[in-house]
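Just so you know, the sequences run in chain order A and B.
For the first sequence, my numbering gives the first residue as 1, with consecutive numbering after it.
For the second sequence, my numbering gives the first residue as 1, with consecutive numbering after it.
Read the hints as simulated data drawn from the structure, not as lab findings.
Each hint can be trusted.
It does not matter which identical chain is used: a pair holds within one copy or between any two.
Think about it this way: if two alpha-carbon atoms lie no more than 20 Å apart in a straight line, the pair counts; the simulated EDC-like pairs of lysine to aspartate or glutamate are:
1) LYS265 to GLU196
2) LYS328 to GLU273
3) LYS258 to ASP64
4) LYS258 to GLU172
Number of protein chains: 2
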Amino acid sequence: MRCLHFCKLPGRVMGIRLLRFTSVVIIVLLLVAGALTALLPNIKDDKMPNLRREPKAQSQPTLDSFTLIMQTYNRTDLLLKLLNHYQAIPHLHKVIVVWNNIGEKVPEEMWNSLGPHPVPVVFKVQAVNRMRNRLQNFPELETKAVLMMDDDTLVSAHDLAFAFSVWQQFPEHIVGFVPRKHISTPSGVYSYGSFELQNPGFGNGDQYSMVLIGAAFFHSGYLEDFQRQPEAVYALIDETQNCDDIAMNFLVARHTGKPSGVFVKPVDIRNLEKDTNSGYSGMWHRAEHLLQRSYCVNKLVNIYDGMPLKYSNIMISQFGFPNYANHKNKM
Amino acid sequence: MRCLHFCKLPGRVMGIRLLRFTSVVIIVLLLVAGALTALLPNIKDDKMPNLRREPKAQSQPTLDSFTLIMQTYNRTDLLLKLLNHYQAIPHLHKVIVVWNNIGEKVPEEMWNSLGPHPVPVVFKVQAVNRMRNRLQNFPELETKAVLMMDDDTLVSAHDLAFAFSVWQQFPEHIVGFVPRKHISTPSGVYSYGSFELQNPGFGNGDQYSMVLIGAAFFHSGYLEDFQRQPEAVYALIDETQNCDDIAMNFLVARHTGKPSGVFVKPVDIRNLEKDTNSGYSGMWHRAEHLLQRSYCVNKLVNIYDGMPLKYSNIMISQFGFPNYANHKNKM
Chain A
1 MRCLHFCKLP
11 GRVMGIRLLR
21 FTSVVIIVLL
31 LVAGALTALL
41 PNIKDDKMPN
51 LRREPKAQSQ
61 PTLDSFTLIM
71 QTYNRTDLLL
81 KLLNHYQAIP
91 HLHKVIVVWN
101 NIGEKVPEEM
111 WNSLGPHPVP
121 VVFKVQAVNR
131 MRNRLQNFPE
141 LETKAVLMMD
151 DDTLVSAHDL
161 AFAFSVWQQF
171 PEHIVGFVPR
181 KHISTPSGVY
191 SYGSFELQNP
201 GFGNGDQYSM
211 VLIGAAFFHS
221 GYLEDFQRQP
231 EAVYALIDET
241 QNCDDIAMNF
251 LVARHTGKPS
261 GVFVKPVDIR
271 NLEKDTNSGY
281 SGMWHRAEHL
291 LQRSYCVNKL
301 VNIYDGMPLK
311 YSNIMISQFG
321 FPNYANHKNK
331 M
Chain B
1 MRCLHFCKLP
11 GRVMGIRLLR
21 FTSVVIIVLL
31 LVAGALTALL
41 PNIKDDKMPN
51 LRREPKAQSQ
61 PTLDSFTLIM
71 QTYNRTDLLL
81 KLLNHYQAIP
91 HLHKVIVVWN
101 NIGEKVPEEM
111 WNSLGPHPVP
121 VVFKVQAVNR
131 MRNRLQNFPE
141 LETKAVLMMD
151 DDTLVSAHDL
161 AFAFSVWQQF
171 PEHIVGFVPR
181 KHISTPSGVY
191 SYGSFELQNP
201 GFGNGDQYSM
211 VLIGAAFFHS
221 GYLEDFQRQP
231 EAVYALIDET
241 QNCDDIAMNF
251 LVARHTGKPS
261 GVFVKPVDIR
271 NLEKDTNSGY
281 SGMWHRAEHL
291 LQRSYCVNKL
301 VNIYDGMPLK
311 YSNIMISQFG
321 FPNYANHKNK
331 M
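This is chain A alone, in the form it adopts within the complex (with noise of 0.2 Å):
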């Protein structure tokens, strides 16, 4: 080891060496030190007790889960009921209630006294009872995927976690149990309607061109979207109190030049209508319902200048379920 100038004078030599020594201790324990620091294990925020009790779904509400938006209107009996069973599906964040009980008290306190419940449920106070009350773009609303339901559709949890996954995969697109179609005539006017309609006549079998909101999944940016269509789109649901979903529709179909809609056939779909003590029966039981609803297409073709709607043959199953080998075929 060389040693230069200070190494000279003996009389120094021993406090020098002593001082390297030192020195070179210290180092050697720090390099310890923070090489122990480096090789210690995380200590991660979700490992820490959760001391207070919060519901698993809030952790990632983006994608993960989703937004049950169901307005009611004279049918809290089938509301709470229809509660008890959605607000256990998995994968649920929220749920927001339009409350179109217009002057009538939520039902908050007897919510509040039946709990704990699963996750968040929020009363939105209508000032007017409008059928598009359901498409604000409620700043409630944390995830980007919105399950809407009619307050009379019971849809099995089945269903929906399977319809909610192909969401996901299906993003852009109303994803859900109720196909409708429109068809347009020689005359240039169009019809709506079912599957007791003609088909539109791509090759065989039948198209759909809309799946009903009532009982689909879509992502919450169309809420914001809608919040910014002409006004006679407002003033035609206003009127009709009706196509709110032709128009969710339409304007899916304009964002995306496809059709709007991809269909999941349900497994166990149910109209509880019948079981309600309120004696109100749904909208779609007025004589011109389906009138309307042809009226309502014709309307917005105009207003938007275009037939945005674009037809689809896809049914989708979810593969398996219910009996494991639904798939089987004679081969």
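Position chain B relative to chain A; hints supplied.
Chain B alone, transformed into the frame defined by chain A:
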């Protein structure tokens, strides 16, 4: 009209005026001719008389049509029966028959004598009887889509037309009629099978992770990719005379990072094996067939250093076909 110096001389005036007048007339005539030419309808190629009779599908071979590739060994009677059916499928561009009957003449003479045929059929004579002969990047292939069929499988035209339309919406996937899956065991060893195997455990219902290429549409680009795989893959397929389809699913899954296949539930798919006069029964009757395929899965995981296959539970059917309300529900 102002007239400058050249107007001053009376002797030249008449001549100049005439010249100017003539120029104006000529210019006007040219403008009119130009306007007329612009207004004439465009004569497009497809409106010109087609002097040579060409099948309609030849005009746009890329995305609107597909090529059928059918490998055949020792079942010429089935091949010819199936060709009579498949040659007439809508959107078919061409048929490539991969002739694995080594040393045997292709039935080209007989085929031609029974013409005309809807599409060209090319018989590709092979040097060696190899399972992977059908996975060559044939120069005759002009379309983006390939339909690969086993020479004992009959799928209805309706199913094929629908599945082709589905492939057009999922061009990077293998879109077909026969789903299979792998499962992993606690030991890390994989097993291959179908509905009889336990579910992979992702929610309820079953899952599939492969779609067999013996009855499926896929992008012709994958045949190109297949030529660039590790040697060990070819050796495995040659050793087993099996598993080329499993290898293709590995290839596609690695390429997309998604489930390799999309399963379309067939309405009418039949195995004609028992109808053959050749007495030859397919490879899948060998006792070790399924075990071999499990073996292949594990070997491929080894070769590719990982398991790229992903699960899907999407099952696609044709809306409103065969019966126009196959989507009706209790609602």
